[in-house]
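Asks: Sequence order for the protein chains is R and F. Residue 0 is where the first sequence starts when you use numbering that gives the first Met the number 0, and the numbers rise one by one after that. Residue 0 is where the second sequence starts when you use numbering that gives the first Met the number 0, and the numbers rise one by one after that.
Among the hints, erroneous ones may be present.
Pair ranges (Cβ atoms, derived) [said to hold, decoys possible]:
#, chain 1, residue 1, chain 2, residue 2, range
1, R, PHE239, F, ARG34, 50 to 58 Å
2, F, ARG112, R, HIS96, 54 to 62 Å
3, R, ARG306, F, ASP215, 42 to 50 Å
Here's a subset of chain F near chain R, in silico, CB distances under 10 Å, partners left out [stated by the list, open to error]:
#, residue
4, GLY53
5, GLY58
6, ALA255
7, MET267
8, ARG273
9, THR276
10, VAL277
11, GLU291
Just so you know, these hints were derived from the structure itself, not from any lab. All C-beta atoms in this analysis are idealised placements derived from N, C-alpha and C, irrespective of residue type, glycine included.
There are 2 protein chains.
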Amino acid sequence: MASERNTRIVLASRPEGAPTPADFRIEHAPLPTPRNGQVLLRNRWLSLDPYMRGRMNAGRSYAAPVELGEVMDGGTVSEVVQSLHPAWSPGDLVLAHAGWQTHAVVDGESLRRKLDPAGLPVQTALGVHGMPGFTAYAGLREIGKPQHGETVVVAAASGPVGATVGQIAKLQGARVVGIAGGPDKVSHVRDDLGFDVALDHRADDFAGRLAAACPDGIDVYFENVGGAVFDAVLPLLNDFARIPVCGLVAHYNDTAPRNGPDRVPQLMSLILTRHLTVRGFIQRDFIALYPEFVREMGQWLREGRIRYREDVVEGLVHAPEAFIGMLTGGNFGKLLVKIGD
Amino acid sequence: MASERNTRIVLASRPEGAPTPADFRIEHAPLPTPRNGQVLLRNRWLSLDPYMRGRMNAGRSYAAPVELGEVMDGGTVSEVVQSLHPAWSPGDLVLAHAGWQTHAVVDGESLRRKLDPAGLPVQTALGVHGMPGFTAYAGLREIGKPQHGETVVVAAASGPVGATVGQIAKLQGARVVGIAGGPDKVSHVRDDLGFDVALDHRADDFAGRLAAACPDGIDVYFENVGGAVFDAVLPLLNDFARIPVCGLVAHYNDTAPRNGPDRVPQLMSLILTRHLTVRGFIQRDFIALYPEFVREMGQWLREGRIRYREDVVEGLVHAPEAFIGMLTGGNFGKLLVKIGD
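Can you make the complete structure from the sequences, with help from the hints?
Replies: Next comes the structure, spelled out in structure tokens:
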């Protein structure tokens, strides 16, 4: 172990618009040493998620930005190599937030939960059974609140949040329309995930197709994309529709305001006259529900009532290109980096 | 009574932009005759409210538009002249929705409540103790939810909704910043209504003054105006701020989209990253709270804990000009038409 080194990917520069590989830098360093209360982790799986784009900016977002030269942050499934914390032992597999690197020293208190290697595949703790799945679960339960027979629309429906939103809404008796990019994703959403309708946002006359797919209007639009999909949804919203907003990936690379006219007054008028609820959130806002989510989603997964798809990239060095591609829909399912054994 | 006629104001044409007197027409007609279950009313007070502008348009709004040639609708305090309904007797003073006219026949079931001429001034049932007051009460209680020490900002603060919002929020321990147009309204809001700060939106550097008045940011923005005030509020909103949206009077006369850039993506990004809740409503959405409102507000009024100001126009024929002026802030307090004895 003493001969091992830490390989890490740091933020080299702040992107203007879409990130490029040059915005990241690979570094090698000696293994860090834990102090009292800390653990040394070897990261097995790294989660790549759209929110990370926000952390690359200097501006205010959910959380403090990653500083230049700092390791990109991100959720991991990690193995405890050395522990100076009483709750953890070498060999434990844990859900951590140890970033884009092969090893990390973190406070034992910061570890989120221990994973059972004999249970669900451990990397699901980064996807359907972790942050993206919990985003879907909490956003529906606390904001979307789909009722039996209502119409729920979700974009990025083959991604880990959208796929889970649609399947939970189906379990709750809603009619679910999913939107994805390209025929393979559309087939997956309809045939594997069981959505009532799946639509390709790249199709000609997408807005017309969405309207045809929602003859009774839209009661819940789970917003994780923005852009043209949001524009097509707006005229279809029913009175008292709910819009949980957990992401706007279509805008993360925007560098300048979009051309006018300014539609803010129309949006506010629609919110008023249709009694809409538009609410931004991240899953952490509803953390009190997390234990219940872990239990209930675990059961749904073991029973095969919720399905998921993973897009696995082998090797940490490929993380930047995979992340860059994800921002324009290049992934197909939950994007994970397998860091190695 | 048989010699009396009904005088009524009907919608003559649909306005393009700001209404003009020519969009209204005064008509005289024989008194209508009630059938079984109905009552004949003589209207004493007519409420003029911004929502009526929406009813003048053909498009979808809260409710069906007023048709051309139909009486403009509106809340009234009315006296029962003749009753063919067992619940009502001649001489009763009632809260009704009998429109811009001196008399009306309505279903007895449609009457909202009986008013006590020995209690609060009966016309308060159209203002602070009626629809506008209930809008303030319900929007704060169900959406705004101000907590002790939080900062609440409200525009049109000398109007019947804004004045009540601010005073209720003060009773609940919030710090309240009111925005009004012109020095008289600003003084009233600060000195008579007891807001912590009152600002003139016409002042130079209004946005800077608002920022200075909200050193801890804004937790609740009660939106009943839109436009430049909303723009100044946005950058000051705290994480988890709530925006009840009950009106957008600055936009009711808009005829064309505002010049770009399109700020919808920025607004949605703000909703996301600051965990905002933006929710449109009308008071009817929370009608289950109405009895409690009538009781609690009645007590606050009798105890002098909530104050109100009325702007009374004498004579139904002056309703159109008063209404037109209200849409650009020409009223000072709850705008009422005293129809006569």
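Asks: Going through the earlier hints one by one, which of them does the structure break, listed in rising order?
Replies: Violated: hints 1, 11.
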